[in-house]
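One letter stands for each residue in the lines below.
There are 2 protein chains.
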Amino acid sequence: MKNKKVAIYDTTLRDGAQAEGVSFSSLGKIQLARQLDAFGVDYIEGGFPGSNPKDMAFFEAAQKETFQHAKIAAFGSTRRVKTKVQNDPIVQGLLQAKTPVVTIYGKSWKLHVKDVLRTTAEENLAMVSDTVAFLKDNGKEVIFDAEHFFDGYKHDPDYAMQVLLTAQKAGADTLVLCDTNGGCMPNEVFAITQNIQEATAANLGIHTHNDAGCGVANAIEAVRAGAVQVQGTMNGYGERCGNCNLTTIMPALQLKMGIACIARNQLQHLRDLSLFVDDLVNLRSDVRAPFVGHAAFSHKGGAHVNAVQKNPETFEHIHPEDVGNERHVLLSEVSGGSSILLKAQEVGGGTATKEETAAILKELKALEHKGYAFEAADASFRILVQKVLNKHKPFFALEGFRVVVEKRGADEPCISEATVKVRVQDTVAHTVAEGDGPVNALDGALRKAISPFFPEIENVQLADFRVRILDPQEATAATTQVQIESSDGKKTWGTVGVSENIIEASWLALLDSVEYKLFMQEEEARKKK
Amino acid sequence: MKNKKVAIYDTTLRDGAQAEGVSFSSLGKIQLARQLDAFGVDYIEGGFPGSNPKDMAFFEAAQKETFQHAKIAAFGSTRRVKTKVQNDPIVQGLLQAKTPVVTIYGKSWKLHVKDVLRTTAEENLAMVSDTVAFLKDNGKEVIFDAEHFFDGYKHDPDYAMQVLLTAQKAGADTLVLCDTNGGCMPNEVFAITQNIQEATAANLGIHTHNDAGCGVANAIEAVRAGAVQVQGTMNGYGERCGNCNLTTIMPALQLKMGIACIARNQLQHLRDLSLFVDDLVNLRSDVRAPFVGHAAFSHKGGAHVNAVQKNPETFEHIHPEDVGNERHVLLSEVSGGSSILLKAQEVGGGTATKEETAAILKELKALEHKGYAFEAADASFRILVQKVLNKHKPFFALEGFRVVVEKRGADEPCISEATVKVRVQDTVAHTVAEGDGPVNALDGALRKAISPFFPEIENVQLADFRVRILDPQEATAATTQVQIESSDGKKTWGTVGVSENIIEASWLALLDSVEYKLFMQEEEARKKK
Chain A
819 MKNKKVAIYD
829 TTLRDGAQAE
839 GVSFSSLGKI
849 QLARQLDAFG
859 VDYIEGGFPG
869 SNPKDMAFFE
879 AAQKETFQHA
889 KIAAFGSTRR
899 VKTKVQNDPI
909 VQGLLQAKTP
919 VVTIYGKSWK
929 LHVKDVLRTT
939 AEENLAMVSD
949 TVAFLKDNGK
959 EVIFDAEHFF
969 DGYKHDPDYA
979 MQVLLTAQKA
989 GADTLVLCDT
999 NGGCMPNEVF
1009 AITQNIQEAT
1019 AANLGIHTHN
1029 DAGCGVANAI
1039 EAVRAGAVQV
1049 QGTMNGYGER
1059 CGNCNLTTIM
1069 PALQLKMGIA
1079 CIARNQLQHL
1089 RDLSLFVDDL
1099 VNLRSDVRAP
1109 FVGHAAFSHK
1119 GGAHVNAVQK
1129 NPETFEHIHP
1139 EDVGNERHVL
1149 LSEVSGGSSI
1159 LLKAQEVGGG
1169 TATKEETAAI
1179 LKELKALEHK
1189 GYAFEAADAS
1199 FRILVQKVLN
1209 KHKPFFALEG
1219 FRVVVEKRGA
1229 DEPCISEATV
1239 KVRVQDTVAH
1249 TVAEGDGPVN
1259 ALDGALRKAI
1269 SPFFPEIENV
1279 QLADFRVRIL
1289 DPQEATAATT
1299 QVQIESSDGK
1309 KTWGTVGVSE
1319 NIIEASWLAL
1329 LDSVEYKLFM
1339 QEEEARKKK
Chain B
819 MKNKKVAIYD
829 TTLRDGAQAE
839 GVSFSSLGKI
849 QLARQLDAFG
859 VDYIEGGFPG
869 SNPKDMAFFE
879 AAQKETFQHA
889 KIAAFGSTRR
899 VKTKVQNDPI
909 VQGLLQAKTP
919 VVTIYGKSWK
929 LHVKDVLRTT
939 AEENLAMVSD
949 TVAFLKDNGK
959 EVIFDAEHFF
969 DGYKHDPDYA
979 MQVLLTAQKA
989 GADTLVLCDT
999 NGGCMPNEVF
1009 AITQNIQEAT
1019 AANLGIHTHN
1029 DAGCGVANAI
1039 EAVRAGAVQV
1049 QGTMNGYGER
1059 CGNCNLTTIM
1069 PALQLKMGIA
1079 CIARNQLQHL
1089 RDLSLFVDDL
1099 VNLRSDVRAP
1109 FVGHAAFSHK
1119 GGAHVNAVQK
1129 NPETFEHIHP
1139 EDVGNERHVL
1149 LSEVSGGSSI
1159 LLKAQEVGGG
1169 TATKEETAAI
1179 LKELKALEHK
1189 GYAFEAADAS
1199 FRILVQKVLN
1209 KHKPFFALEG
1219 FRVVVEKRGA
1229 DEPCISEATV
1239 KVRVQDTVAH
1249 TVAEGDGPVN
1259 ALDGALRKAI
1269 SPFFPEIENV
1279 QLADFRVRIL
1289 DPQEATAATT
1299 QVQIESSDGK
1309 KTWGTVGVSE
1319 NIIEASWLAL
1329 LDSVEYKLFM
1339 QEEEARKKK
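Chains as they are written, first to last, in the numbering used here: chain A, 819 to 1347; chain B, 819 to 1347.
Just chain A, with the same shape it has in the complex (with noise of 0.2 angstroms):
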């Protein structure tokens, strides 16, 4: 299996954009393109031109550019029933298109010949012969994707085989075997496939779904019983459950089954382009995404953070850095001293003693008894260590707070308004705001408060805002946790705060988020000197 090579196929553009909220500009899939490329993908499906302006508005695109590695494909599918092949409007699209290479679909279940294109299966057979020789005579690589192979295979084996024989007889230079539906299972694309690569010992890809969960193991079976081609999209996007996941596969294949597609210098990367595509349709990236999510390599319970401080294979298959992710230690009540040492260290801390950590441990535990949560909220984990450490000191302190919500009708609108009473040094500052909601007004009130003193507190922006009631059955009484995300455009950092009451929560967020900005300020300036 080693020194074995698969080509990677790369379709988000195409098949990928038939998730559920995922869409690309003209724009966004030309700079995808461009990221595939250079990260080494060697086939992109750019899309099925003649479908739709857009794609088409690609493929126009495309001609102007250089591809220093991959080649662009076309998708579209066999001619229609009973025309001519060159008379048919998507083959003169796929034509149009100018690309080195097309992609076909054709069907090969009968189930989907009889129901669907309601035709022979001779009529069948004809169309895909006359649309690869076709495009072979038009100077096209060509891939025939065998729609619907497994279960067609299954169906009727000898039908499904003609199918193939026939694209391969007309000249395809690969032949894709697709599970359409995405419910195989791994031993039988492993056995199919093999049974394929046996009879025609042709060049084969595979096109697998995730709808049984296995869209990823499914490929893998199939490169071990042959396959040379992976089609999959990034982050695993694609209609329901989503296509093969290349985030997943190529390092799979690359690190731990050797099995060369993406050199290791370019899936350093990977994260970064993972976090690019979900960025550029703007959709939340997957936190336990396998090797790219931010938690492939988190560790919680504190038997497990021991280990991996002793040694990091203990805990983990790959080496992070290999995929261009970082190992994270989180805190809970399961944590021991070894993980609040090493956050302690990875949050700047600096080194405690056995009592000091002892010290934390003990406030970490009864502040997460209270319902707070340290493993979004570093910032106001460096605030505890400080402050346990008797090394917080605060830059203001507080006087007071009012917040008034008021609505006077039910046609009216309802007003939050906020008052802030702080104390910086010797002078008091005390300040009014308004806001959308009491939050943004309590938030508006203290910004007004100490930016005359700190002006540096003006760059900084509340990235996230979370709630949740810890304990809902105590209904409107219930402990509720809040948790705020800061950036100040170079730095990002986390804060909580709970109480029963939600405006108090807030506070204490908003309290540590400021505190920490301040403190980063210090240290920096302190670093220059």
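Everything labelled a hint here was simulated from the structure, so no lab data went into it. No experiment lies behind these values; they were computed from the predicted model shown. Mixed in with the good hints, there may be bad ones.
Said to hold, decoys possible - Below, a sample of chain B positions facing chain A; criterion: calculated Cβ distance under 10 angstroms:
(1) Ser-841
(2) Val-1222
(3) Glu-1230
(4) Lys-1239
Quick reminder that beta carbons are idealized off the backbone N, C-alpha and C, glycines included.
Add chain B to chain A, keeping to what the hints say.
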């Protein structure tokens, strides 16, 4: 393979809680255990007694429950190095949990014995043997989790096998092969499991993680090779990339492979169970999740929608209703209309005409666009229907409310006070109340205002209160959705409110809750006449 039976071992409460962002309250743990039992899983691992007080609280509460089908398991480890088993605090904790089943993990990878335990290969075997035998002597069903089994076996097959045989000899009822680092490939899992099955003839279990995207496939392969117990978590929660996802593997085994694990009539509640668990830990459900995701049977491509209409088998690998899911196609005015009609009948709004249905649909879509969600808010939906049909008659009119939250000094308590002014027929009620937080105060003042006119309102309890920030990137100015569940001891109903202002969103949900109660009361009185 048909007619084989596999036991489902759920570790959501223990290994699932290792996930970033997942934590359960003590009450939440019991609620989930009840749901899992009703659904039909065989084992429920409740936690690690001794590691934290919340887990022990669960086991105490579990002793008072009657489970119909599931056995509760306590999780722990083998005794410590050079400790007498009866004196080991973890082993003592396991007995204190008073569960019929105890699951212990032991090391089977020499690297861990050396680098993590820092002991000898022989002492590790003694630790396994002593602990299993002691727990068997205490009448427990003992499940032995061979941690890092596959990595250990690849490294030193003889030693890994020795560990298993030691546990078997000491009386372990099931030997579980764990891919703790989640990096194994499906074919490795199959081959190794088959070797073990041949060598031991033991009851084998499989515990996989998803670090290479093969968590489910690996467990499937182990079952094919002989495993009769599958360990996993609901929605695949778990450390790093998560555990084997039970919501995927249960239908895969039962519906696709013909292996009995969960009765088919129970499997129809799978999507509900999946949503319940996400809701319990306040995580957004994965729309692309196999079988249970919202998009799992969504058809976007025109050709696919068309084909599915002709014959669902063409693009669906199972029937969505078999897992409690449903097909989604691009909603036409007509199909949308029929679901609205159904829903309106379901919540007792009576039959509506075609025009009325269209008007309800329009209003519903407008509100959903604003951030409303009616899945758990039947009462708000009913009030919406009444409003659209001009059948809504308010019991009282809001003249105004004001909420004040005030804190005077960092260590002073935060005071919440609300005033409410409503008109009931010709009388104005103007009341004030304090509360634990602003919403609690508002709730108190509203009840005070209307209970003299509608004393039945005093029986209404708020059973659940949830807050969701809909566009968290807008930070503190984000849109807030508040969901309230109310109960009068007999009936339970859900309401929803949305606003940029969390107080107003809560007010809207409170208002619907009270109106719905009064409306139900009136209807009952009418029926009695």
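Each hint tested on the structure:
{"no.": "1", "hint": "Ser-841", "result": "holds (7 angstroms)"}
{"no.": "2", "hint": "Val-1222", "result": "holds (5 angstroms)"}
{"no.": "3", "hint": "Glu-1230", "result": "holds (8 angstroms)"}
{"no.": "4", "hint": "Lys-1239", "result": "holds (8 angstroms)"}
Comparing the model with each earlier hint shows no violations; every hint is respected.
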